[in-house]
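Residue numbers (numbering that gives the first Met the number 0), protein chains in the order written: chain C, 0 to 268; chain B, 0 to 127.
Keep in mind that the hints were calculated from the coordinates and are not lab data.
Hints are not guaranteed to be accurate.
[Claimed, not checked] In silico DSBU-like cross-links for lysine-lysine, where the CA-CA straight-line distance does not exceed 35 Å:
1) B:61 to B:123
2) C:198 to B:123
3) C:198 to B:61
4) C:179 to C:198
5) B:123 to C:179
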Amino acid sequence: MNHLLRDLAPVTDAGWDQLEDEARRQLGSALAARKLVDFSGPHGWEHSATGLGRVETVPKALVEGVTPLRRSVLPLVEPRADFTVARAELEAIGRGAEDADFDSLDEAARRIALAENVAVFQGWEEAGITGIVAASPHDAITLSDDLTACPRHIAAAVEVLLAHGISGPYGLALGPAIYKGVIETTEHGGYPLFDHLRKILDGPLVWAPGVDGAVVISLRGGDFLFECGQDIAIGYDSHDAEVARLYLVESFSFRVATPEAAVALPASH
Amino acid sequence: MPTEQYHEPPGELPNDVRTYARLCTSLIEEAEAINWYAQRLAVEHDDDAAAIMRDAQDEEFKHFSMDLEYLLRRTPIWREVAQRVLFQPGDIVENGDAAEAAFEAGGDEDEAAPAGSLGIGSLKGRER
Chain C
0 MNHLLRDLAP VTDAGWDQLE DEARRQLGSA LAARKLVDFS GPHGWEHSAT
50 GLGRVETVPK ALVEGVTPLR RSVLPLVEPR ADFTVARAEL EAIGRGAEDA
100 DFDSLDEAAR RIALAENVAV FQGWEEAGIT GIVAASPHDA ITLSDDLTAC
150 PRHIAAAVEV LLAHGISGPY GLALGPAIYK GVIETTEHGG YPLFDHLRKI
200 LDGPLVWAPG VDGAVVISLR GGDFLFECGQ DIAIGYDSHD AEVARLYLVE
250 SFSFRVATPE AAVALPASH
Chain B
0 MPTEQYHEPP GELPNDVRTY ARLCTSLIEE AEAINWYAQR LAVEHDDDAA
50 AIMRDAQDEE FKHFSMDLEY LLRRTPIWRE VAQRVLFQPG DIVENGDAAE
100 AAFEAGGDED EAAPAGSLGI GSLKGRER
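Throw the hints in and build the complete structure from the sequences for me.
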């Protein structure tokens, strides 16, 4: 048995299959950062930190004439989202039910995906993670409420990247409100805005909960580094006669290698 | 259009299964190419020609590895088994048997891909 303690859960193999399928469905649409940044791993639950290739000076030397250096590392964060499943639902799966109530799991999946997206795009200062938006040295380009102006803003962002030697293709992370606006909007002549933006970027437009407005980033690789220890997994916490208490967990670090490779486009609010 | 890579009518298969089939076929083709170059190199006496073929075979190693990685990322169970066999020291058959036993027991010996991982991995390039 590993750290997830799944053998202790009152869940059958069929139950695990349905829980995992449901979690994958929810996470597949919501894990926006993974659709745009480089992914390394999974390196395992015991992987605790990312080496940064740098050293820092320890304030006190032990012996005169010996330089006191220490390796710099970025510790992995370990987000966990708890959820419950009614045991009656788990028993129904055993009888062949295909419509089990997984609302709590769905909500937990959205929460952990949101946490991952926010850490990558906005950052998580307290955990040592600088996000893509905070790292970008470029002036932000504020999106106007009139989304027909959006191609101009996105093209301007792409031009900024090109001017700094950042090649494409480019991807666009869109906060949910802007994403909805983009897919609803057609330009003069009925041309879908979504398709126009894709042509400008030569890359994907991604629905990205946790993003304020939009972010254009280069997809050429090597600029944004997501290091996964434990990939998202379902673990067991406890149970009683009514419910099984489970959780989604992962461990990761994120760092920006090329801050210039992204431009933030905040919403005007 | 050739459809030999499909075992079932392509029109009945979802897009992701068709992509999976293409990569499986590509993996087979890369392995065949590696085999062909190995045989050609074994009989080639011209050093310049051999160098070109060796260079070409190196490319096939890369292609095969990329195809395999793609398929493993989309097949968590395959990935779990492969992680216990690939790049492991010791006897290959014994490692294979151990991988099978560990997987059937719930995979509790491998911390890199413990049972319970959803095997999501990278989604780079996906739009939805």
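Okay, the hints, checked on the actual structure:
no.: 1; hint: B:61 to B:123; in the structure: holds (19 Å)
no.: 2; hint: C:198 to B:123; in the structure: holds (18 Å)
no.: 3; hint: C:198 to B:61; in the structure: holds (30 Å)
no.: 4; hint: C:179 to C:198; in the structure: holds (18 Å)
no.: 5; hint: B:123 to C:179; in the structure: holds (22 Å)
In this structure, every one of the numbered hints holds.
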